[in-house]
Amino acid sequence: MTTVEQAVPLAARTRSERLVRFITRTPIHIGLIGIAVIWLVPTVGLAVTSFRKPNNIASSGWWHALTQWDWTLHNYGSVINATGMGHAWVNSVIITVPATILPLTLGALAAFGFAWVPFPFRDTLFLIIVALMIVPIQTSLVPLLKLFAQHGHLNNNYYGIWLAHTAFGLPLAVFLLRNFFITLPKDLIEAARIDGASNLSIFRRIVVPLSVPALASFGIFQFLWVWNDLLMALIFVSDPNKQPMTVRIPYLLSTYGQEYNLLAAAAFLLMIVPLIVFFALQRYFVQGLLAGSVKT
Amino acid sequence: MLFVLPALVVLAIFLIYPAYYTIRLAFYEGDFHFGFFHYLGIQNFKELLTNDKDFLDLSKFPPSGALINNVRWVIFYISLSLLIGLGLAVLAVRVRYERAVKTAIFVPMAISATAVGIIWLFVYSPSPDMGVLNALLHAFDSGFHPVAWLGRPNLVNYALIFAYVWASVGFVMVVLSAAIKGIPAEIMEAARVDGAGEWNIFRRIMLPMLSLPLSVVTIWLFINVIKVFDIIYVMTGGGPGTSSRVIAFTMYEETFQNGRPGYGAAVAVIMLVLIAPVMVLNVRRFRSEKVVA
Numbered sequence: 000m001t002t003v004e005q006a007v008p009l010a011a012r013t014r015s016e017r018l019v020r021f022i023t024r025t026p027i028h029i030g031l032i033g034i035a036v037i038w039l040v041p042t043v044g045l046a047v048t049s050f051r052k053p054n055n056i057a058s059s060g061w062w063h064a065l066t067q068w069d070w071t072l073h074n075y076g077s078v079i080n081a082t083g084m085g086h087a088w089v090n091s092v093i094i095t096v097p098a099t100i101l102p103l104t105l106g107a108l109a110a111f112g113f114a115w116v117p118f119p120f121r122d123t124l125f126l127i128i129v130a131l132m133i134v135p136i137q138t139s140l141v142p143l144l145k146l147f148a149q150h151g152h153l154n155n156n157y158y159g160i161w162l163a164h165t166a167f168g169l170p171l172a173v174f175l176l177r178n179f180f181i182t183l184p185k186d187l188i189e190a191a192r193i194d195g196a197s198n199l200s201i202f203r204r205i206v207v208p209l210s211v212p213a214l215a216s217f218g219i220f221q222f223l224w225v226w227n228d229l230l231m232a233l234i235f236v237s238d239p240n241k242q243p244m245t246v247r248i249p250y251l252l253s254t255y256g257q258e259y260n261l262l263a264a265a266a267f268l269l270m271i272v273p274l275i276v277f278f279a280l281q282r283y284f285v286q287g288l289l290a291g292s293v294k295t
Numbered sequence: 000m001l002f003v004l005p006a007l008v009v010l011a012i013f014l015i016y017p018a019y020y021t022i023r024l025a026f027y028e029g030d031f032h033f034g035f036f037h038y039l040g041i042q043n044f045k046e047l048l049t050n051d052k053d054f055l056d057l058s059k060f061p062p063s064g065a066l067i068n069n070v071r072w073v074i075f076y077i078s079l080s081l082l083i084g085l086g087l088a089v090l091a092v093r094v095r096y097e098r099a100v101k102t103a104i105f106v107p108m109a110i111s112a113t114a115v116g117i118i119w120l121f122v123y124s125p126s127p128d129m130g131v132l133n134a135l136l137h138a139f140d141s142g143f144h145p146v147a148w149l150g151r152p153n154l155v156n157y158a159l160i161f162a163y164v165w166a167s168v169g170f171v172m173v174v175l176s177a178a179i180k181g182i183p184a185e186i187m188e189a190a191r192v193d194g195a196g197e198w199n200i201f202r203r204i205m206l207p208m209l210s211l212p213l214s215v216v217t218i219w220l221f222i223n224v225i226k227v228f229d230i231i232y233v234m235t236g237g238g239p240g241t242s243s244r245v246i247a248f249t250m251y252e253e254t255f256q257n258g259r260p261g262y263g264a265a266v267a268v269i270m271l272v273l274i275a276p277v278m279v280l281n282v283r284r285f286r287s288e289k290v291v292a
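Residue numbers (numbering that gives the first Met the number 0), protein chains in the order written: chain A, 0 to 295; chain B, 0 to 292.
Just so you know, not all the hints are guaranteed correct.
As the list claims (entries may be wrong) - List of simulated lysine to any residue pairs, SDA-like, C-alpha gap at most 25 angstroms:
#: 1; chain 1: B; residue 1: Lys-180; chain 2: A; residue 2: Arg-20
#: 2; chain 1: B; residue 1: Lys-101; chain 2: A; residue 2: Gly-33
#: 3; chain 1: B; residue 1: Lys-101; chain 2: A; residue 2: Trp-62
#: 4; chain 1: B; residue 1: Lys-226; chain 2: B; residue 2: Met-208
In short, the hints are calculated from the structure, not lab data.
Given the sequences, and given the hints that come with them, work out the whole structure.
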């Protein structure tokens, strides 16, 4: 559209012409704003409900709260303390941080190998990793559970889920990072080699510092993937005191199904972390999601 | 080689070996320790595809079962997401508040399926003081009685599908929008100078140029459908009855709730088979382009 605006001589843009333009474009505005509002309403409803008093929730819809100002933080206090959601939030952090750093580290090392260190069967191995990117988790649940139970009860601590998330994040990490590393200037790496730098120091001093955006994109994608994951935590973390929020909230639903104030506050606590990441790191975030699209 | 070794070891132990184990287990009955107990041959698959009404029931019309529900998901989830996402991408570039609209649509992408489930449980609630959908319909038509959107077998799947479309459209929109901005402005301008209408420009220039990103997005949506589990677990637990089960849900239910690991493994193998063509496609595309993404 901008090209059209430029193509029209300035003198021709009279008031009536602008009016015609405005009217013909009204349907576009209505459609766009309408869909945006429909998309916002469900989240706003949850957020508003989480700040309302239980008796208000029971007696009127949340949309009334926008006019009657009677908000409270009490729901958050209850859900964090009484239902153990604060504890579950901490568990989510404990699960997510190592399960992000591990695949990022192993993935970056492997990606460097695939991009810059020749070895036999390199291309074949890489193609296998491309294929592994979309293996469904379901094919691993049972054997891994058995493996974790046999070896030091890994299903009673976090090692099991950290390793499982690492394995499922790795193919994407290797794929994305290798494709990024390969675009780094060849001269730079050759020059360092001639100066006698080892592969490890090339990796540490040249490749990693130049690849921060790609590392950040994968890191954010993996962080959100693990933070938002329900299925793997459901299977691999059996101790209720160790379970993350995504698993505890459905329990809350089955025990306090009618206590909308608690459910809303709990769901909002779960959402707030990805939302902060989203608004703080929007550019990397979108890149990460787009890059992750090859995996889902 | 030392660089790739740790990653290869992790993949071999936690991804490749388990896949082999599950495929083998699908031919056994299995026991509580997930051992290879009582060889059955292809009996599990036969049972699933011909004799399990919760998985595939072709005897009545419309057919039902988890597999059929996934077909519903494929049809409605994919087409709705593409339609809304494409529409938004095409229209949003024409207004000044493009960023604001895109942010509003994209935010649900960040939210966990667990939270999406709670959000939409509220929206669909039959209680007139909770469910905004029923309240809205009631505001337009005072004779309208609140509907339990998730309580009716004939509605529940579509209600779930829409909630998941809500969470996915942002992705479709962002990918297509980036692709639209990549179309050279001269091409559009030339068409406009030649007198082409907006609709013709969309159909004859934009759509053909968007075919690659559209196929990427469609594949992404398809994989999503085959794997969909969390939102159903949270919102309906596969119910009412078994009417909103999907393949991934059946795998969980049979393996971990009904104690039939061999049967569940067979379901997982069916998932793998459905996804395998996409794997082949990815590998082929990679080999032909050498560098994707």
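Outcome of the hint check:
{"no.": "1", "hint": "B:Lys-180 <-> A:Arg-20", "verdict": "holds (22 angstroms)"}
{"no.": "2", "hint": "B:Lys-101 <-> A:Gly-33", "verdict": "holds (13 angstroms)"}
{"no.": "3", "hint": "B:Lys-101 <-> A:Trp-62", "verdict": "holds (24 angstroms)"}
{"no.": "4", "hint": "B:Lys-226 <-> B:Met-208", "verdict": "violated (29 angstroms)"}
Violation of the numbered hints given earlier is confined to hint 4; every other hint is satisfied by the structure.
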